[in-house]
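Asker: Here's the letter readout for the chains.
Number of protein chains: 2
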Amino acid sequence: MKAAILTVGTEILFGEITNTNTVYLSRRLNDIGIDVMYHYTVGDNPGRLAEMIETSLRDCDIVITTGGLGPTQDDMTKEIACQVMGDELVMHDDILESIRSRMLAYKAVMTDNNIKQALLPSRCRVFYNDAGTAPGFALDRKVCEDGSGSDRRQWIACLPGPPKEMTRMFERSVMPWLEELTEGCLVYKEIRTFGIGESDLETVLLPLIDGQTDPTIATYAKNGECSVRIASKRSSREEAASAVDEMIAKAKEYIGQYIYSTEGEEFPVVVGNMLMSRNITIAAAESCTGGLFGASLTDVPGISAVFDRSLVTYSNQAKMDELDVKAETLEKYGAVSEQTAIEMAEGVRLKAGTDIGVSVTGIAGPDGGTEEKPVGLVYIGLSLSESVCGEKDGMTLCRKIDRRIKDRQRNRRHAVLSMFDMIYRNV
Amino acid sequence: MKAAILTVGTEILFGEITNTNTVYLSRRLNDIGIDVMYHYTVGDNPGRLAEMIETSLRDCDIVITTGGLGPTQDDMTKEIACQVMGDELVMHDDILESIRSRMLAYKAVMTDNNIKQALLPSRCRVFYNDAGTAPGFALDRKVCEDGSGSDRRQWIACLPGPPKEMTRMFERSVMPWLEELTEGCLVYKEIRTFGIGESDLETVLLPLIDGQTDPTIATYAKNGECSVRIASKRSSREEAASAVDEMIAKAKEYIGQYIYSTEGEEFPVVVGNMLMSRNITIAAAESCTGGLFGASLTDVPGISAVFDRSLVTYSNQAKMDELDVKAETLEKYGAVSEQTAIEMAEGVRLKAGTDIGVSVTGIAGPDGGTEEKPVGLVYIGLSLSESVCGEKDGMTLCRKIDRRIKDRQRNRRHAVLSMFDMIYRNV
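These protein sequence lines are chains A and B, in that order.
Using the working numbering, you'd call the opening residue of the first sequence number -19 and step up by one each time.
Using the working numbering, you'd call the opening residue of the second sequence number -19 and step up by one each time.
By construction, these hints were calculated from the structure, which means they are not laboratory data.
Please note that a few of the clues may not be correct.
One copy or two, it doesn't matter: identical chains are merged, so the pair holds either way.
Below 27 Å or equal to it, Euclidean Cα-Cα: the simulated DSS-like pairs (lysine-lysine) are [to be verified]:
| id | residue 1 | residue 2 |
| --- | --- | --- |
| 1 | 306 | 331 |
| 2 | 144 | 169 |
| 3 | 202 | 144 |
| 4 | 230 | 87 |
| 5 | 372 | 87 |
A quick note: this is a predicted structure, and the numbers were derived from the prediction, not measured.
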């Protein structure tokens, strides 16, 4: 089955918004074995929108649109979809009722515009919107293949533009519809890894990727991390889920040491949940990352139960004041050294009285590197209390990273991920 | 002049990459008065690419492509552009020479693939690539308007896919070419604001926006900030620049109090440069932002000259230990209060011995709010030394923010921007 994704909205053509809906839909459709052939974007113009829907369906079975479902004059996706697919808008009383009760709950007044949202194509399948007021829908038409005499069906599925409404509607309502359409139940999972590049990951997994049609297995790189997406389509959900789980077990044999989640969770969430579930308290001492580790960990709601503090000691004076790093250590080995990283991690753990202390010191760049200590050199320290590591008086580990990359942002981000990795592997 | 943007690459259709090139090109083309009518994406397939170029030119004067210019078998944009526009690839000796010297500088071996990159359409205008090896180019064709008998010219401009190469090539080579094509010199600037929403901004600026054709003026919202882009196209660069500057002066009359940059710079850069140029040292005390302020400020290279430390005191104990916040204050007013914010800012300034101390404490959410202290409530403290404010023993200010927004990420980001705003307005 071949699909096109059509984004409707003049603001996209102005470059006001990055089109993340299309990225999301592309992944999810590929996951379930639907080939995405084209992306299109068109403005809020009836003639061009109609023409673009026809273009989209030129050699695809289905076009999924986002945007233009709202109640204002700019919004015309419903009308044009009807025009192209040969249907008309009628009042759907059940939708009207659900919008009315939604407005009531928000103590808002029902306007003509709200009523207009209950107008939907007469023979459509409705997708309810539980994050907003504009419902989505799917509509089909029969087209005659030229000459052959046989009919072919084509579909349009129209979803709202706001990403939160769109993704929710897609997962809850569009997915089951696509399952019916493609006659199968679809399950996918995402394995997240750290410490291996995308091309290495692909090479290592080649025996699994090669010749595999179901489950499908594909690698993705983003922000210095690589993930593996595994998807299966079977006649029952249980069968698909167990096929995915089997493939994950196989993948673990090849890349087990790099995996930190098989549920698509991000590193701060995985480490944060691990610490919270085991009630292990943590403090951090940061230098080159400037607070990015603390900022990432505190993205996790509820983390205050275990996260005590992060001391961002940018100057040498701050490292001595706050973390009791010795002046001799800084003088002899420098601020970017194994010795300083170790003293920082120990210093913050003892000061905060937490179970673990993690530290980072490095040269993020783009300047400030030397022959001996190049840009990209980073040391991560991890100090563990007796209760965590079992050693009397605890112990402190250090990891050296030497990437020779000049990019400040990438080096900082990689350093933070390395801190999470260091905790994940050793606690 | 009407334009389409065509992205070439199967990885985009898989959802592996977010299409930021299209956002960039859309803005830049709109800036200079070229109407972007459509976005298209197609995979690395010769037949579909050719068809898509024809579709793009159906009712546009120019199509700008990105991607598919590399040296591998997947890359076919050059060949297909020639096919559609009626030209052929020939060896460009000057390009070959520049690639050879580039490879020599990197001590890399010249391969057949590198040589292939010097093959370009015979009658194209070449865009040199000084960030990579694949050159770009523009090519035209004449089309007969049906019936009228008069000729119309159409253009294709092919740029490389990697954003760094594409943006550099666009600014250095494509812009001047577009200026020739549209017969005018183009200048644009971006005003960045904080503290006003997009719809308010638009309403306030309406007298300037309404009926204005040159300079054009448009508002954009992104990540809790709003910016205003002003562009002018005139017969000389000086004339365009002075038209833009005049419009900026007018805009200042309406929104002066919200502006922090008229050069499109981000808040951390503006504040960081201000502190560095005046040699004002700074320390921070963060709670709900978890380190995000320090992380943002230390994104600015060279900031170590003035940034001393940021103490992320998540627990009450950490606030008392690190910042000398009084136990009574925490007990009487709570951690999220004006009093605590003030003691945090004073505490970190005195401890670090810096000229200013900035603090933040709040309830980021999504949970943890009460009737009295709802999610979204944030206090920002700013403590200034005598040398900065002129008052004996210095002074400390506090700002209360009460946004009633449940979104943790938005609240944290807004709190960080408010800290920068507080410094920018008061130092």
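Asker: All hints are to be evaluated individually against the structure, with a verdict given for each.
Answerer: Here's how the hints hold up against the structure:
no., hint, verdict
1, 306 / 331, "both (15 Å within a copy, 18 Å between copies)"
2, 144 / 169, "within (20 Å within a copy, 32 Å between copies)"
3, 202 / 144, "both (21 Å within a copy, 16 Å between copies)"
4, 230 / 87, "neither (53 Å within a copy, 41 Å between copies)"
5, 372 / 87, "neither (62 Å within a copy, 53 Å between copies)"
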